[in-house]
Each structure stands twice: as C-alpha cells, then as structure tokens.
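J.: Sequence:
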Amino acid sequence: MYPSNFPDITIPDDFNITNMLVNRNHAVALAVDLEDGLVFYSDVASKAIGMASLRVGSTVRYITGATGSVEGMAVDWLTKHLYWTDNPRGTIEVSRYDGSYRTTLLKDKVLRPRSIAIDPAKKVMFWTEFGPPTQIERASLDGTGRMEIIGPTQGVGQMSGLVIDYKEKRLYFADIARGIISSVDYDGGGIRQVISKPNSLFFEVTLYKDYIMWTELGPNQGIFISNKETGEAVRAFPMTEEVYGITMYADTRQKIIHNPCRSYNGGCQQLCLNSYEQTNGYVCHCSMGYYLADNGRDCHSDLVDHDFLLVTDTYHRGIYQVDLYSNFKPEALRLNGVKNPIGISFDPVERMVYWTDVEKREVNRASLDGSRQDTIAIENIGQPDGIAVDSISKLVYWSDLATRSISVSTLDGSDRKTLVTNIAKPRAIVLHPVEGIMFWSDWRSSTVIERSYMDGDMRRVIINTGLRWTNGLAIDFEENRLYWCDGGLDVIESSDFSGRDRRVVLNLGDGRHAFGISVIDQSVYWTDWMVKGLLKADKLTGQNNVVLGKRDFTRPNALFVVTNASLPSGINSCSENNGGCSTLCLPTAIGRSCACADGVDLAQDGLTCVSELDIQCPLDFIYGGVEESCDRSAGSTCSVICYSGLVPAVDYVICQNSGSWDIPRSAICREEQCEALDVPNHAIFSGPCNPPYDQGKLCILECEPGYVRTSGKPRRVCAHGGEWLGTPIVCEEMVEPPPEGECSSELAFQETPEDYSPVQDDLVQQSCTTNSPQADITWYKDGVRLMTGSVNGIYILPSNDLLIPGFDTHHQGHYACVASFSGRECLRVEVDFAFDPYRHFEAVPANASLDVGDHHLFECQAQSAIDSVTWWKDGSRVHQTDQIILISGGSLLIRNLVRQDSGKYTCIVSDQRGNQRGKAYAWLTVADTMNPPTINITEVCGTVTSPEATMFTTPGPRDGRVVGGQQSLPGSAPYMGRIWHKADRTFVCGATLLNQRWVITAAHCIVLYQLQFRDILLYFGDHDTLTSEDHQVIAEVDQIIQHEDFDEESFDKDIALIRLKQPFAEFTDYIRPICIPPAWLAKMLLQPDMMGRVTGWGQIAEGGPYPRYLTEVDLPVVKSKKCKDATTFEVTRYMFCAGYASAEEKKDACQGDSGGPFAMLHENRWYQLGIVSWGEGCARDSKYGYYTKILRLHSWIDRNISD
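Position 304 (the sequence shown) corresponds to 288 in my numbering; numbering is contiguous.
Accuracy of the hints is not assured; some may be wrong.
Pair by pair, the computed Cβ-Cβ distance ranges are [said to hold, decoys possible]: (1) T1116 x D194: 33 to 39 Å; (2) T224 x A386: 40 to 46 Å; (3) T1116 x T736: 47 to 53 Å; (4) M514 x M718: 57 to 63 Å; (5) S741 x T929: 37 to 43 Å; (6) T929 x R1117: 33 to 39 Å; (7) E1114 x D760: 55 to 61 Å; (8) L287 x A651: 24 to 30 Å; (9) M514 x D760: 54 to 60 Å.
Hint data in this document are derived by calculation from the structure and do not stem from the laboratory. The beta carbon of each residue, even a glycine, is placed where N, CA and C say it ideally should be.
Could you build all of it, start to finish, from the sequences and the hints given here?
T.: Have a look at this one:
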C-alpha cells in the first residue's frame, strides 16, 4: 500500500487507489526517496528487491535478489543507501540504490528482524526483532555501536512495525501480542502507550504530521489512521486484500542537510556510510571480497596465484577467488562493469579469467589482477550461459540460450564461428581438449546431456532420463568421468564419457539448488543457491559433505577449480602450429578440423579460409581509419590513423578472413590516456585514483596532517592529449593561528579566484586558499553567503573550492572569497563571472512574434568554419521540407507560417566529433491576428492537468523552498509566470496568467525596476531555473498598466497588468490561466485561518539563496487586527496578511516572490485572492507577509482588460 496524506484531504468512502506496482507476486516492505523520486519494494515470492521511479509509465526493475523474506526497508536519503532486514536469514543488509556493493552489516544474534527505521541526520538505525526474545535494537548506520533499547524487561510482547518521528526524536512501534502501539525516545526511555486495539495484527506503521497510520492483517485487514497524540481514531479503510508495507511520500519526512558522503562519495571507493561512531561522521565500507585499505578509502582484495576456486555471483555482481587451502574467504577480482556473471573458466597459460555476462549480453576476459580486461564477443549475443576454455588449442566455447547455439572463437574473439545449432536450451558446457570432445546440457522439454567432437561433429545424446535442471558439468581428468549437478532433482551424479556406468554421488536433499560444479583430486565442489555458499564432498562416496567458509554469497553461479591437477594436460592435433590451420583449429577424437569464422569458407586444401568475394576490411572505423592506399585484403596489415585528439590503441591492424580488423572497430582509436599522476611532497590522494587514466578521470589530492595547501589545484582531471589539467598542489607547514579574534599579519592568500567569462554548460572551478588552515573560508555571491554543499548548482566543496559543473545564466554575478578568524574578516578577494553563452557563435537567433502566412529567418552561424549547426524544435530534430529550409551556414528559414510552427527553436553548434559546444534558443509565436482563437476562460481557468501534478507519485527532490515550503510539482501551478529583465539578464518578479493575453503582477515590481514594456519578457511553463523545459514559452510584451493610485511608500493598491504582444492560441498542461473569484466567493474564501498557497522562486531564507525549482508554501489568512498590530507600517483596506506568528513555523513568502499569486483551491479550481506585495524580512517572529487584496480591485482589472 502507498497512501498519501489521507487525513488532510477529503476522501469519499469509494476512494480510488493508484496502483503503481502491478503484477508483483507478493510485495511487502516499502521505502521511498523523495529527492530522487524513487520507491523501493520487496517481493517476497520472487525473493528480490525492486525499484521504480515515481513517474507515469516508468519501468520497474529488480536491483537485487536472493533474499529471504524482506519485511522491513528504509533509505538513507542523504547518502543514497538502501537498508533492509531479512527475517529468515537474520541479517541487516545495505547497498547503493542500484543494488551495487551489497553487503551484510549485521547478522550475529539478529533474531528474525522485522521493521527498520533510519534517522540519517543522527546517523542511527533502529529495528524490531520477533525473537525470541523480542526487542528493539539500535546501531550506527555502519553497523557499529549496536545496543538493545527495548526488551522483555519492559514487558513488551511481539514487536512488528516501526517508524520515527524526526521532529520529536521518538520511535513508534507496534506490539502484536499486546495489541498496542507505543512510543519511546531514542534511548528507549519515556515509553508511553499511543493506541490500544486488542487482537490487532499490526504489520507496519508510518507517520504524517499529527497522524499515525498502520496496516493490519487478519479479519480487520486494512489501513487505519489515528491522532498520534490523543489516540483518537480518524479514518479506517478496510481492504479485501492483505495489506503489508505502508510509507508516507511527504517532504516533511525527509529533510536535506549537508552530509560529507554527498560530495564525491566522501572519497570512498565503494560505500560511504553515516556513522555516529566516527569523529568525521562517516566511514568508508567495502562489499564482500574486499577489505578497507590503510588510507580508509580504497577497497582492496588479496588474490593468490595457485590452487583456488573461481565463483560468479549474480547479486554481488562480481567474480570471486577462494583459496583452496586457507579459510575459504572470497576475495574479489577487481573488475569493471560486471552486471550478472554466469559462466566462468580460466586459461592457465595466459592467466586469464573468462566469463559470460547475461545482463550485458557479452563474453569477457580479464587478467587475475584486473589490469587487463576485454570484451571478446558482443555482437549477436543473446543470453550467454556456459563457457569453457581450451588452453591447448587456444579456443573459447560458450552456449547461448537465445540463439540456441554453441559458438567457438579464438581467445581474443577475433575469429568466431557458430558451431552447434538447434539446441533447445543450451546451458552448461565442458571440454576435454586432449580427447577432442565436449559435453553440454540441454533444458529441452525433457532435459538431456549431449556430446560431440569439439568441431561439432559426431553429435549425440548420452543421457536422456532422470534429469530436470542440469545446471553444471565437470570432467574428472584423472578418472575420465563426467560429473553433473541437477538443481531440480537436488542430486550430483557421474558417468563415463558415453553416459554409461551412471552413479549417484550425493542426494542433496530438499530445499537445495546446486548450480556450478568442479572436480579435483578426491573431491567434488559445487555452489548452491539456497545455501548461498560453496560445498565440498568426496567425489566417489558423497561423504564428508561440508560448507566451505561462511555463507556470504547471494546467488553463486558457475564454479571453476584452478590447480595443476584440475586442468587437462597433454597435447592434441592443434597444439603445434595451430594444426596447420589458417584460422580455427578444432580438436576431435580422431585429429582436428580446420574451420573459418562465420561467413567465410574453407578452401579446397582444408586448411585456408577464403571467401567467394574478395575480402576487404573497412576503410573507416569509429574515430579513425587506415590510409586509402593500404591493401585491405585478408591478412594485410595497415597503419592506423585517428582523428585529432585521439591516439591509436595499436600501431597497425590486421585484416581477418572474416573481413573485419583484428581489433573491434570501436577500440582501435581511443582518447589518449594520462600517465600516472605524480604525488607532490607531503600530499596524499583524498579518494581513489586508480588506472586506467582515461580522459575525464578525476583525482583529488590533499596535504598530509600538519601541512597546508598553499597553491595548486586539489582536483586534477585527465584531459585531451593525455595531460592532467590543474597545477600540482604545494604543501607547506602550517602557520600558527593568531590569538582569538585577531588577524595574523602573516595571513595571506595562496590561491585566489579570477574574473571569468564561461559559456553555456562550462565547468567552472575556482580555488581560494590561505597559508593557514585555521582560517575560515567563506564564499559569497551578490552579497549572499554560499553554504557548503550545493545551492542552485553552485557547490562549495570541503576543500573550499567553488565548483559549478554546468554554468548557466543564473550563475553570473559578483563573487567574493573571505578569509576570517573567529568570525572576524581578515582578507577578501572579489571577482565577476560574466555569462558568455555565445562564445562559439557568429550569429544567434532572436525571438519573434509573427502572423500566419509570414516567412521567418532564424539566423545562426558557428564562429568556427569546421563546426556544424543543427536545429531542434521543442526537443525534436528539425529536418528540411518544402516549408522548412536549412540554409548552408546554419540559418533556418520557415515559409508560410502556421500556428503549429510556434515553439522553442534551438540552434546547437557541435565540433567535428559531435561534441556540443553551445546552444542558442529562440521562441517563435505565430498568431492569426485576423482570426484570433476564442477560448472560454471559465472552462479552463484554475484547472491542473499535468500528469506529474495529477498523480501523487511524482519524481524529484522535495526539500524545503520559499521559506519553510516545499518543491512544487511540474504543472501544479500552470498559471505562474516570471518577469525577465533583458538588460540585467535576471528575473525580477513573479506574475500570474489571467487569460489569453493579460498577466497580473505587483506595481512595485514595475516601479522599483523602472520597467518599460520593451525591457521585459515573460516566461511561462517554467519549473526548473537551471534548464529550459520543452513546454516553456517566452512571450513578448506590448503594454504595461500599473494602478494609477499606487503608493510607493505604503505599497497601497500594489497591482499592475501586463499585455502580451501575441495572445495564447491554446493552453497546455503546463500553461493555463488562474481564476479571479467573483466577489461573493472571494469574501467566503478570504476568512481568518483559511489556507492559501504562495508559489514562486523567492529566497529559501531571509538573505539566503534562491531555489532551483518552483516552490510553494501554504499559509493561513490572518485577522485584520492582528495584521495591523504586527507592524508599524500602514495596512490599508486594499491589503490582507497571511502567515504564522511564531518563527518556529518558518513559513513565508520572501525576496523574489513579489508579484506572484496568493491562491486558494475551491472545488478543484485555483482562484487568485492576492498578490505578494511586502513584508518585514522573511518568516520573522511575530511578523506576517502582506498581499494586495484583489477583491477590492475587481472593477479596475475588468476595466483595463475589457478588450
């Protein structure tokens, strides 16, 4: 179940349920992240955890599996980690939101854990345990500091659901045995009963404002709501189906605060976990198979060279090595990009690991230490499963369920042949290269095991009875026997190579699921999905059946043993000189067969590969090619030529018989890598800086303790040409701090910011350092302090660097860096960032408003002759037609305009490689002024129709905005407009759309900025200030009318009207007018304590930063006398006030919201009752916000917009 703010809205008895997660087998636990707009759920039947974006039509996918019964789930929304309890396994686990780096935090004496709750601000988690004994425990979010806070001594029964009141710092928990819901503080003290409901089978609880909600199973199954203070029942929603998890999607539940893990993952290579046990507030943590390095950030593993097992694991997304003669602890192979590895094999000659990845649909290989990693097959790969290496013949074989085939290739994948086809469901595969035979299992309607020569000849079924799910095959090379494990019959068996002399080695018993198998010496090894580990037994008798090491795997798949005795030894007909074959030499029981890659024929000599056509490798490949004069026939060698800025991965390429180069086309030319970064004296890396050093690789350095950075850039980025951007840091011994409150005469800036003129989306980084680490560094923009973290796309890093990843017009302004001691300013440096979005343009398009039938030319030209220009309209590429002409040089001509040509046009300049260098926007408005469309405003005004706003499940962060408000949903206030000052290139005020042509705002916006109609543009459909949305419209203006009696001193009659040059021909889901209420309705609504909504992009705190997204705040109307008593300024009859008297509520409009609406919802329509006018500060104690009262200005509005 996923209810939202039930208590605060009117819900009829026949209320509707929005079903987000359909066709789930048995969804139980729920958790949401408001900032990212995600919902997580556990599927107990599928034993998996899923994730979905809260968007209409978004896909639902599993992020991890092989769970038991996950009945509790919670998110750390600050660090983006998912925590869950697994009841039967007795574990508390954590992973990233995508399921990566999954690890078990707690499992010792965790007794049937149920519900879990997290307070990221306090870095603490709580969970209930069924036991016995039943109890509530708490721990730091890294699993340390564990302690019991509620247990049997407090007289509790059997505890289930758990939720946190973040404001009161109390836990609410349900007790099934006693039929009550109680609350305690974080230490387990102050216990009090909240709800008494005997015989209720509580499952989960949640909170919203003053209400507690819970689900029940059994005869009273449903959702129930009560006041959490009084226990008084509020609502009940009986259900015909069982209900389990319940959670709230409300911004009040997840406040965003600064957290070190939100910046570069805290420098951690894998998990960055909140921890109240650590002085810095967090700790780096490694997943299974890794240990934390001495630097406290990187994750390492200890690998051995001989006598080990290799195991793939689906949900750990990795390949693991297990030492056969140690403690059987898994050590991870340090590989990149592994998603779902299944089959595994090994080449002892080149010491390479080979595996199939069913999710990526690839066949891969890598060296044991991970320094070399290649994809050897990716084209025409469907569902790769089993894999086996013939190190004698230098071949690799794999099965593919999707293509119903077995393929073979050279070890590097350069020559590949589909060998065996028409296999219903090929799974495991195993080779005996010395004997020249191979075996595979086929999960047809009646599973069989087949064998053939390794060239695919002499294929026959050797076992066709007593099989169900034959997952793994292995060969005992000492005894020449075939072993297999069956996950359906829970058995391990063996036979000779003809399928005779069949023996049962071991009956595994019910509840097992063997998958991979290997044989070595006197033992058989196998993996088991249900045991979640490795097992071993005597290969002849099945005795001494033991689990090896801890059961830390999630879904262990294939298994491969590497010892001298486990690998085939000897020679075959392909051992020397590739058996005389030009391409593929495939061993058989009677010799060998030469073969060619798919599409290439074998010559009459039986050795050489030829083609009916002349083989020609391509002249060009991705980002490069070969010289036209080079002979590109099979066997020829050509030098590589790469585009500017790229380097060849090899000096030359060889044309294969298949007509392809010996290296994948996408890998021949690559961006030049950087050399390993030199570490200056007394400097250390503050995060991982491991090879390969590709372009864009980021390494961060810091000074050792006792030293301070006096110059240089801590962030070094590998750039084009293999050069590291940024100057090396210089670390010098610290300067002693001055006495408190004084400035040191030796204090000096070492690095200072500089004036800068970036273009659109530029990366801007400015450093500001002193020679004393005790000096406090503070950044300001236009006089407003920038806090550590991120505000409006401006980041202040822990190193005190200022970072803007994608520069936009909103980031231009006057910046200052201030160094101070104990709050006293000692040094200051000031710079200007001037926005230059058109650096790469010779000409840019301009906005236009034209009539139907006109022609229009959008000018656009790149400054560089080698750059290209493309055009886009409303997010779609513009192509040439009879009406639309793409002119050489970059301009765009549209002839015989129609209304449908209205929209946003974007000119994009790109370099030779397709990299975008700049964008220029222009809006075209086409109207039929002779026959303007007529829209019945009363039908559309005040309505909300956008899919995001009409669904309560919506994406996007919901952190605090306005002052004490929250982020609005796209399209939830479609009447909102913004006034743009052309000359100052900034937004000055809000406004509201009244009809097709007229907009209302505050008169003081016009007067204070001395605006003329030619000075401004109006933006509609806007939501995100940092991006230009496709549904956004920019309109020109041809008239401004301010109230003739507006008083600049008192702000009396603070109202103005703006007329659009072209009326709206139609309204959209994101642009719609608001309603102006008739006098009788306005009087009814504008009563004390009635709630209204203010929307805008004003400051989130007095003197604070501006938000990125449109924000909203709900405020109550205040009695007229209170309005007047709260201020010394005049409050006239044309004003009213709204807000809260106590600053603790901290809700108000603020600077930048002026001119926007104060609106009320009545019968599903929004009506404007006021205009944001003035106030004393923002959200100050005993102060309110004041609004122009539209009720008293109806006639003035009607008189001026009568046209």
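J.: Does each hint fit the structure? Answer for all of them.
T.: Here is how each hint holds up against the structure:
The supplied range of 33 to 39 Å is met by T1116 and D194, whose beta-carbon atoms lie about 37 Å from each other. Roughly 41 Å separates the CB atoms of T224 and A386, a value that falls within the hinted 40 to 46 Å. T1116 and T736 have their C-beta atoms about 51 Å apart, which keeps the hinted 47 to 53 Å range intact. In this structure, M514 and M718 meet the distance hint of 57 to 63 Å, their C-beta atoms being roughly 58 Å apart.
Distance hint for S741 and T929: a CB-CB separation of about 42 Å, consistent with the stated range 37 to 43 Å. Range check, T929 to R1117: about 36 Å between beta-carbon atoms, so the 33 to 39 Å window is met. About 43 Å separates the C-beta atoms of E1114 and D760, a value inconsistent with the hinted range of 55 to 61 Å. Our hint of 24 to 30 Å for L287 and A651 holds, since their Cβ atoms are close to 26 Å apart.
Between M514 and D760 the beta carbons are some 57 Å apart, a value that agrees with the proposed interval 54 to 60 Å.
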